[in-house]
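Student: Numbered by full-length UniProt numbering, the letters in the sequence shown go through residues 1 to 739 in order.
Watch out, some of these pointers could steer you wrong.
Cβ-Cβ distance ranges computed for the label pairs, FRET-style [what the hints assert, rightly or not]:
1. Ala622 - Asp702: 41 to 49 Å
2. Asn254 - Glu658: 34 to 42 Å
3. His224 - Tyr531: 31 to 39 Å
4. Lys42 - Arg695: 28 to 36 Å
5. Glu378 - Ser446: 23 to 31 Å
6. Lys288 - Tyr531: 43 to 51 Å
7. Gly387 - Tyr531: 46 to 54 Å
8. Glu587 - Gly40: 51 to 59 Å
9. Glu138 - Asp671: 39 to 47 Å
10. Leu694 - Thr326: 41 to 49 Å
11. Ala237 - Leu693: 31 to 39 Å
12. Cys665 - Gly40: 51 to 59 Å
13. Ala622 - Ser446: 47 to 55 Å
With a cut-off of at most 25 Å between alpha-carbon atoms, the simulated DSS-like pairs for lysine-lysine come out as follows [what the hints assert, rightly or not]:
14. Lys317 - Lys253
15. Lys288 - Lys198
16. Lys424 - Lys573
17. Lys317 - Lys74
18. Lys501 - Lys661
19. Lys333 - Lys74
20. Lys363 - Lys42
21. Lys573 - Lys431
22. Lys375 - Lys501
23. Lys253 - Lys288
24. Lys317 - Lys333
25. Lys629 - Lys732
26. Lys431 - Lys198
27. Lys431 - Lys375
28. Lys363 - Lys573
29. Lys42 - Lys288
30. Lys591 - Lys501
31. Lys324 - Lys74
32. Lys591 - Lys661
Just so you know, the hints here were simulated from the structure itself, not pulled from any lab data.
We put the CB at the ideal spot given by N, CA and C, even for glycine.
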Amino acid sequence: MTAHTALPANAPAFCAGMFHFGESWPNFQEYGRSAAIATGRKAIPNPAAMEAVYQTLLMADALRYCTLQICAAKSSGHPGGFASSTEAYAALVMLGHTNIVTEVGHHAPGFYSAMFLDCSLEEMGIRDMNDMMARFREQHGLLGHLSGAIPGLLAPAGPLGQGQHFAMAGALLHPGTLFPVTIGDGGFGEPYVLSAMKHFHFAYPRVTNYLPVLVWNGFSQEHHSMVSLMTNDEMIAYWRAHDFDEVILVDAKNFDDAGQEGAYVDSTRFSFGQRLAFMEAVLTGMAKAADGALGGRHTAFILKQMKGAGVHVLGAKSHNLYPKDTPDSPEIKAALECRALSPESWALVRENFLRAGGGPAAKTAVTEQVLEIAKLGEFPLEDFALGEPVVPATAMGALVAWVGQQDPRFVVTNADGNEASAMKNINDALKIRHPTEDPLYNQQPSGQVYEPLNEDACAGLAAGLALLGSRSLWLSYESFAINGWPIMQTVAQAMAELRRKTPSTVCMFTAGALEQGRNGWTHQRPEIENYFAAQMRNGNVFLLYPTDANAIQAAYEYAVNSVNKSMVIIASKSPMPVRLTMTQAREAVRKGAALLHDAGTGNRGTVTLAVTGDMVLLPVFAASQVLEKEGYRVRILSVINPRQLYRPADVAAHTVSEADKGFMCDTDFHDLFIGEVLLGISGGTSGALEPVLLRSRAWQRDVLAWLRGETTATPAELMAFNGITVESIVNKIHGLDAG
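Based on the provided sequences and hints, a complete structural model is requested.
Tutor: In structure tokens, the structure reads:
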């Protein structure tokens with residue numbers, strides 16, 4: 001990295017470290033003499049006014065310059081996609097709409113540049129361009145992809161197809177505030193951007209205050225985008241088919257006076273007059289789109305411009321920088337010199353950024369304050385009698401219904417139906433949100449249960465609401481959860497980094513593999529439990545296996561009252577005997593495990609059976625009777641909250657916000673998990689048993705767990721197929737004891 005220019009005497013201090021400065025544009029004295037956003041105002045008064053158009057174009061080039069320089073400083077990062085969107089981004093800012101999210105993680109350097117220019121990054125000690133370059137793509141700095149922990153930014157972005165969920169959640173929670181979301185055409189085919197928005201339209205027809213902004217630049221990461229051959233009319237029709245009332249498309253090609261070939265052109269190559277004309281079309285079009293979205297019309301805005309517009313190279317080649325791309329390489333240097341602004345222009349851009357939306361996004365974004373939510377008070381827990389057969393899912397459903405009745409913003413999402421998961425009581429109380437009112441199916445336009453047949457849409461809205469400060473619950477079959485889990489993982493990591501409190505994401509996955517024998521392997525996919533188990537080491541992810549109907553109530557109470565975490569509950573929808581009192585259950589959920597049975601004596605030594613799950617306890621208890629007759633002392637432990645059974649050094653709890661460091665101490669662990677032989681048993685996968693196996697002092701240790709799915713008539717037959725039977729448990733103990 002080489003510094004090329006000393007800071008001019010009249011340059012603002014934040015420009016320190018900028019490599020190049022240019023001359024003021026033509027007519028600067030006329031259109032740049034004062035900020036277009038007046039003192040005390042949050043937006044420009046007239047988007048068609050020439051000074052507003054002129055200064056919005058200045059802002060667009062300022063964003064391009066900062067984006068390219070910070071990427072070049074590290075010879076890394078993604079400048080091209082954002083470069084083609086800067087006119088749209090600048091238009092939103094000048095119109096006062098600064099609660100902007102994106103689904104494009106590769107736009108990160110552009111969003112960081114915006115937060116730099118509006119002073120938001122001063123919250124993390126980034127005050128000038130030297131600081132920006134030093135902290136870009138560094139730990140404790142500006143991550144390579146967007147993080148919601150960065151001051152002023154509302155949500156993370158990295159995996160494609162997620163940003164619209166954050167925008168819709170924001171719109172639902174904050175009526176009257178616009179939530180634009182930029183979407184790249186390269187990731188446009190990711191599941192399930194438009195279908196998610198269409199279902200949301202039908203469920204919440206009056207919530208229109210989010211604005212998808214398609215950055216249609218013709219290219220993806222390494223090739224043309226799959227929609228690059230669509231005509232403008234076809235693209236508009238595509239959006240209209242997904243229930244958008246108005247689609248405003250501004251095509252740079254219509255303003256080109258540079259003779260550029262192809263459907264996609266670079267507006268920075270136009271004459272200055274045509275650049276202003278293009279900017280005016282974007283600014284007035286965006287103003288119309290914003291007014292429509294805020295006025296009750298489902299509106300989309302499309303900016304069609306070549307990827308890489310205004311930076312070092314065009315098309316997919318502009319997507320990423322490599323080691324050869326330095327500030328001194330000819331293409332980078334030429335682009336920076338071309339985009340460089342005068343010191344006076346930088347001062348003007350900063351002033352507009354500081355006023356837009358009422359101040360720096362780090363002070364004004366909706367996520368910069370804790371959202372006030374309804375107080376719940378004591379949960380109405382029902383203490384079921386020991387031995388009573390009760391459906392865990394139904395017991396939890398009663399609590400979910402109560403939470404929804406206390407908190408009108410609470411939303412339950414479920415793609416496969418609560419009734420099928422023995423949680424009809426949720427629908428009875430809260431109603432399915434549906435445009436067709438039908439009491440037979442608990443459908444009501446104002447319901448609190450959101451049911452798109454799309455796990456991504458379910459997980460997305462639930463995760464978005466939690467991240468932005470409101471309670472939610474995602475319910476699913478465990479076998480289908482993988483289709484929606486990526487956004488939950490994204491949000492869990494974002495919550496680990498947040499500088500504010502927010503309700504945890506809460507999920508409950510019913511119909512575990514053992515209950516789905518007749519449906520075959522398509523409904524038997526507990527392997528996702530190992531995914532969850534691996535995430536427990538993150539520091540804020542908890543995998544909960546309630547033992548029974550009392551434990552699931554305790555687990556849900558624990559999850560709802562937590563903050564900045566990801567809580568995953570796995571339980572049955574079949575009647576299971578109650579094995580813990582409510583007092584025992586609440587203690588066990590927080591502690592990590594509970595003793596369900598202890599034979600007390602045995603002349604052949606002590607065997608500890610550590611179990612995750614509820615249905616799998618049936619063969620475990622039966623096996624204990626056989627083993628006890630053979631002279632073993634058998635202890636059965638329910639591993640309910642395995643994350644708490646790790647040692648503190650095993651988990652990155654010290655790195656996360658709102659950390660829970662309530663790990664079981666060594667003394668308690670070894671008092672609980674005693675015995676010469678330890679057998680971990682799971683009706684699902686074995687990953688959650690890792691902390692037990694790591695800490696146990698048993699001479700012999702082994703695991704019985706899920707192998708794979710099969711079509712069977714009963715859960716017992718399916719367990720037998722997977723080697724989880726009384727006989728296999730007894731034989732495993734014999735083998736360990738002999739060893």
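Student: Decide, hint by hint, whether the structure agrees.
Tutor: Do the hints match the structure? See the list:
A beta carbon spacing of about 19 Å between Ala622 and Asp702 contradicts the range 41 to 49 Å that was offered as a hint. Here the CB-CB span from Asn254 to Glu658 is close to 51 Å, at odds with the stated 34 to 42 Å. Hint check: His224 to Tyr531, Cβ distance near 33 Å, so the stated range 31 to 39 Å holds. Here the CB-CB span from Lys42 to Arg695 is close to 56 Å, at odds with the stated 28 to 36 Å.
Checked against the given bound of 23 to 31 Å, the beta carbons of Glu378 and Ser446, roughly 27 Å apart, stay inside it. Between Lys288 and Tyr531, the C-beta spacing of about 44 Å keeps the proposed range 43 to 51 Å intact. Between Gly387 and Tyr531 the C-beta distance comes to about 34 Å, which lies outside the given range of 46 to 54 Å. Glu587 and Gly40 have their C-beta atoms about 57 Å apart, which keeps the hinted 51 to 59 Å range intact.
Here the CB-CB span from Glu138 to Asp671 is close to 45 Å, well matched to the stated 39 to 47 Å. Between Leu694 and Thr326 the C-beta distance comes to about 47 Å, which sits within the given range of 41 to 49 Å. A beta carbon spacing of about 57 Å between Ala237 and Leu693 contradicts the range 31 to 39 Å that was offered as a hint. The beta-carbon spacing between Cys665 and Gly40, approximately 58 Å, falls within the hinted interval of 51 to 59 Å.
The hinted window of 47 to 55 Å between Ala622 and Ser446 holds, with their beta carbons roughly 49 Å apart. Our distance criterion of 25 Å between C-alpha atoms is met by Lys317 and Lys253, whose separation comes to about 20 Å. Distance check on the hinted pair: Lys288 and Lys198 sit about 21 Å apart at the alpha-carbon level, within 25 Å; holds. The hinted pair formed by Lys424 and Lys573 meets the criterion: a straight-line CA distance of about 11 Å does not exceed 25 Å.
Between the alpha carbons of Lys317 and Lys74 the distance comes to roughly 17 Å, so the proposed pair stays at or under 25 Å and holds. Among the hinted pairs, Lys501 with Lys661 is consistent with the structure: their alpha-carbon atoms are about 17 Å apart, no more than 25 Å. Between the alpha carbons of Lys333 and Lys74 the distance comes to roughly 14 Å, so the proposed pair stays at or under 25 Å and holds. Restraint check: the Cα-Cα separation between Lys363 and Lys42 comes to about 13 Å, which is no more than 25 Å; the hinted pair holds.
Between Lys573 and Lys431 the CA atoms are separated by roughly 20 Å; this keeps the pair inside 25 Å, and the hint holds. About 15 Å separates the Cα atoms of Lys375 and Lys501, which keeps this hinted pair within 25 Å; it holds. With a CA separation close to 21 Å, the supplied pair Lys253 and Lys288 stays within the 25 Å bound. Note on Lys317 and Lys333: the hinted pairing holds, with a Cα-Cα distance of about 16 Å set against a maximum of 25 Å.
Restraint check for Lys629 and Lys732: satisfied, since their Cα atoms lie roughly 16 Å apart, inside the 25 Å limit. A distance of roughly 20 Å separates the Cα atoms of Lys431 and Lys198; the hinted pair therefore holds under the 25 Å criterion. Only pairs whose Cα atoms come within 25 Å are accepted, and Lys431 paired with Lys375 is accepted, the gap being roughly 22 Å. Only pairs whose Cα atoms come within 25 Å are accepted, and Lys363 paired with Lys573 is rejected, the gap being roughly 46 Å.
Straight-line distance between C-alpha atoms of Lys42 and Lys288 comes to about 17 Å, which keeps the hinted pair within the 25 Å bound. Taking the CA atoms of Lys591 and Lys501, the gap is about 23 Å. The hint holds against a cut of 25 Å. For the suggested pair Lys324 and Lys74, the alpha carbons sit about 10 Å apart, so the restraint of at most 25 Å is met. The straight-line distance between the Cα atoms of Lys591 and Lys661 is roughly 11 Å, inside the 25 Å bound, and the hint therefore holds.
In the structure shown, a violation is registered for the earlier hints numbered 1, 2, 4, 7, 11, 28, in ascending order.
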